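Trainee: Under UniProt numbering, the first residue of the sequence shown carries the number 1, and numbering increases by one thereafter.
Calculated directly from the structure, the hints in this document are not laboratory data. Hints should not be assumed to be uniformly reliable.
[Stated by the list, open to error] In the EDC-like style, the derived pairs of lysine to aspartate or glutamate whose C-alpha atoms are separated by at most 16 Å in a straight line are:
1) K90 - E148
2) K109 - E148
3) K105 - E123
4) K113 - E148
5) K140 - D114
6) K153 - D114
[As the list claims (entries may be wrong)] So the derived label-pair ranges between C-beta atoms look like this:
7) T139 - R86: 30 to 38 Å
8) G88 - K153: 25 to 33 Å
9) E123 - R86: 16 to 24 Å
10) Q85 - D124: 18 to 26 Å
11) G150 - N87: 34 to 42 Å
12) P125 - E147: 26 to 34 Å
13) K153 - N87: 31 to 39 Å
14) C117 - E147: 26 to 34 Å
15) Y78 - V122: 15 to 23 Å
16) G88 - M155: 28 to 36 Å
17) E147 - N87: 30 to 38 Å
18) N87 - M155: 30 to 38 Å
19) R86 - A116: 16 to 24 Å
20) E147 - Y78: 34 to 42 Å
Bear in mind that the values here come from a model prediction, so they are computed numbers and not experimental data. The beta-carbon is built from N, C-alpha and C at its ideal position, and this holds for glycine as well.
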Amino acid sequence: ATRRLNYGIAKTDLHGFWKPFTASAFQLPGTHFYFFGSGKPRSPPLSTHSMSDIQNLQSYDPFADLGDSGDTADQQNYIHIRIQQRNGRKTLTTIQGLPATFDQKRMLKIFKKDFACNGTLVEDPELGSVIQLQGDQRTKVLNLLVEEGGIDKKMIKLHGF
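With these hints in hand, go ahead and build the complete structure from the sequences.
Mentor: Written as structure tokens, this is what we have:
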């Protein structure tokens with residue numbers, strides 16, 4: 001008693017050829033998988049790569065090739081003039097690395113009087129004495145050190161935006 005399906009194929013013809021889908025049809029021999037909620041055994045999928053094969057696990061510093069070793073002895077040769085943003089439009093100019101021949105307190109007094117701003121002398125254990133001035137005084141300090149102080153412009157590094 002064969003019943004004809006669409007396209008003229010008998011159901012008994014398909015029964016011997018087509019088996020219902022089972023998960024074990026696609027498994028390798030000896031592996032077991034746990035399907036959620038079924039309670040059947042399952043092993044983890046086979047991995048062709050191990051963690052030691054991955055090349056991305058190596059540490060890389062993108063700024064290492066810039067030549068900045070972070071050594072403060074290398075920075076002592078230069079006079080660094082930096083600007084720091086405070087709150088709002090207020091800024092702070094810092095001068096670091098002035099030669100020992102200059103009197104820091106006297107330089108601060110000259111800067112304050114010539115630029116009509118306030119300032120202070122800060123002692124930093126790592127950087128030494130740093131002069132802080134209120135406002136953006138970078139170009140004024142640079143011009144004063146080159147013209148009045150007799151310092152070569154190549155020895156001054158101007159930082160900031």
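Trainee: Would you mind marking each hint as holding or not holding in the structure?
Mentor: Right, here's what the structure says about each hint:
1. At roughly 27 Å between alpha-carbon atoms, K90 and E148 are farther apart than 16 Å, so this suggested pair is violated.
2. Restraint check: the Cα-Cα separation between K109 and E148 comes to about 14 Å, which is no more than 16 Å; the hinted pair holds.
3. Between K105 and E123, the direct Cα distance comes to roughly 12 Å. Compliance with the 16 Å bound is thereby established for this hinted pair.
4. The hinted pair formed by K113 and E148 meets the criterion: a straight-line CA distance of about 15 Å does not exceed 16 Å.
5. With a C-alpha separation of about 9 Å, the suggested pair K140 and D114 falls inside the 16 Å cut-off, and the hint holds.
6. For the suggested pair K153 and D114, the alpha carbons sit about 20 Å apart, so the restraint of at most 16 Å is broken.
7. In this structure the hint that T139 and R86 lie 30 to 38 Å apart at CB is violated, the actual value being about 19 Å.
8. Taken as a hint, the range 25 to 33 Å holds for the pair G88 and K153, whose Cβ atoms sit roughly 32 Å apart.
9. In this structure, E123 and R86 meet the distance hint of 16 to 24 Å, their C-beta atoms being roughly 21 Å apart.
10. Here the CB-CB span from Q85 to D124 is close to 19 Å, well matched to the stated 18 to 26 Å.
11. At roughly 37 Å, the beta carbons of G150 and N87 sit within the given window of 34 to 42 Å.
12. The hint said 26 to 34 Å for the Cβ distance between P125 and E147, and at roughly 32 Å that hint holds.
13. In this structure, K153 and N87 meet the distance hint of 31 to 39 Å, their C-beta atoms being roughly 32 Å apart.
14. Taken as a hint, the range 26 to 34 Å is violated for the pair C117 and E147, whose Cβ atoms sit roughly 19 Å apart.
15. Checked against the given bound of 15 to 23 Å, the beta carbons of Y78 and V122, roughly 19 Å apart, stay inside it.
16. Separated by about 33 Å at the C-beta atoms, G88 and M155 satisfy the suggested range of 28 to 36 Å.
17. Restraint check, E147 to N87: a C-beta distance of roughly 33 Å satisfies the suggested window 30 to 38 Å.
18. Here the CB-CB span from N87 to M155 is close to 33 Å, well matched to the stated 30 to 38 Å.
19. Distance hint check for R86 and A116: the Cβ-Cβ separation is about 18 Å, which falls inside the suggested range of 16 to 24 Å.
20. For E147 paired with Y78, a C-beta distance near 18 Å fails the hint of 34 to 42 Å.
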